[in-house]
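K.L.:
So the chains spell out like this:
There are 2 protein chains.
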Amino acid sequence: MLLCDIGNSSASFLHHNKYFCLSIEKFLEFKNEEKVYYINVNERLKEHLKLKKDFINLEPYFAFDTIYQGLGVDRIAACYTINDGVVIDAGSAITIDVVSNSIHLGGFILPGIANYRKIFSQISPKLRCELNTQISLDAFPQRTMDALSYGVFKGIYLLIKDTMQNKKLYFTGGDGKFLANFFNYAIYDKLLIFRGMKKVIEQNPNLLL
Amino acid sequence: MLLCDIGNSSASFLHHNKYFCLSIEKFLEFKNEEKVYYINVNERLKEHLKLKKDFINLEPYFAFDTIYQGLGVDRIAACYTINDGVVIDAGSAITIDVVSNSIHLGGFILPGIANYRKIFSQISPKLRCELNTQISLDAFPQRTMDALSYGVFKGIYLLIKDTMQNKKLYFTGGDGKFLANFFNYAIYDKLLIFRGMKKVIEQNPNLLL
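Sequence order for the protein chains is A and B.
Here the numbering used here is used: the first residue of the first sequence is 168, the next is one more, and so on.
Here the numbering used here is used: the first residue of the second sequence is 168, the next is one more, and so on.
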């Protein structure tokens, strides 16, 4: 089975438990030899995907309990296998969603880590620098690189801590593994979205026909 | 006396207790009829300012106790009249600095509110929207606009709360008044940086000759 999760900057695939990722440019050239079960949040690709042969959009099949208006299907898929917990998908944006008894209680959005760096560099050339991934969150910074890193990482840390209360944390996305390190009990699951996609296919076996 | 605080996107003036602000473009055309006492963090203007007649750079005159490497002179000026407190300057970036017994303990940096909006709109057209300044920080958001607003405002709120401990909060900058509203006991002082500049002139009366 070939699963595909299409975002704003790339498309991730899972093919018989093998993971690979294409830029959107490369994805547009991608030729499939079998059915592709996909979810997509990239507005620019919506029409293109409808015309692709053997591309099956899973979005209509998710049965997800939420009152959130316009929740992205990637966030739904990431939450779909979690009964109780906080789901953090750290990609070009960071989305943080709360699930309790399989009900979505709401969620919020931050810029992704690379995009924090991008906006700092746009504000002033003095703020164009790498972030320090070794930064201590317990001491006030004493140089620009640490000041930016502390603002970003401690901000994300405090928001997640405030949100989690006693819930389990489930991280996914490109920066998920790094962010999970700030917490003692956190699960990093690179394939969380694909697990949600698999679950929806299991719930709708007709899709495999 | 004419004071001028030059940033990356604009230059603020204080002239006999009257405040006005010019875009950097307009500032470049500005003709002074009296001495201008200025501070500047805009790298592109450094050489230009050296050539301007009757422009006096106050930066060398600040005597500020810090081990922070390369602390911007605007942050020094904002902290310069505070003996004890947390100073938040919310402009194109948000800087948060801690002062204790007139010693700078360190500080950190976040994107300014308008720049959060800018980066969201660059991530995805779906994230291009106004922020909700009426957002509740006590309930999980249920739509995109609130999800972005909560991420930004609650993130800033938690960082300041974590930093302040029992210290007083001093807000300045374009978004300072708005952010001060999140706290019960906060001082908003639009002219905080100018007070620091006045203090350094008082400490160096030769500058007035």
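Hints are not guaranteed to be accurate.
Note that the list lumps identical chains together, so a pair holds whenever it fits in one copy or between two copies.
[Said to hold, decoys possible] Think about it this way: if two alpha-carbon atoms lie no more than 16 Å apart in a straight line, the pair counts; the simulated EDC-like pairs of lysine to aspartate or glutamate are:
| id | residue 1 | residue 2 |
| --- | --- | --- |
| 1 | K293 | E210 |
| 2 | K213 | E369 |
| 3 | K285 | E297 |
| 4 | K335 | D356 |
No wet-lab data here; the hints were simulated from the structure.
K.L.:
Against the earlier hints, flag every one the structure doesn't satisfy and list their numbers going up.
P.N.:
Of the numbered hints, just 2 does not hold.
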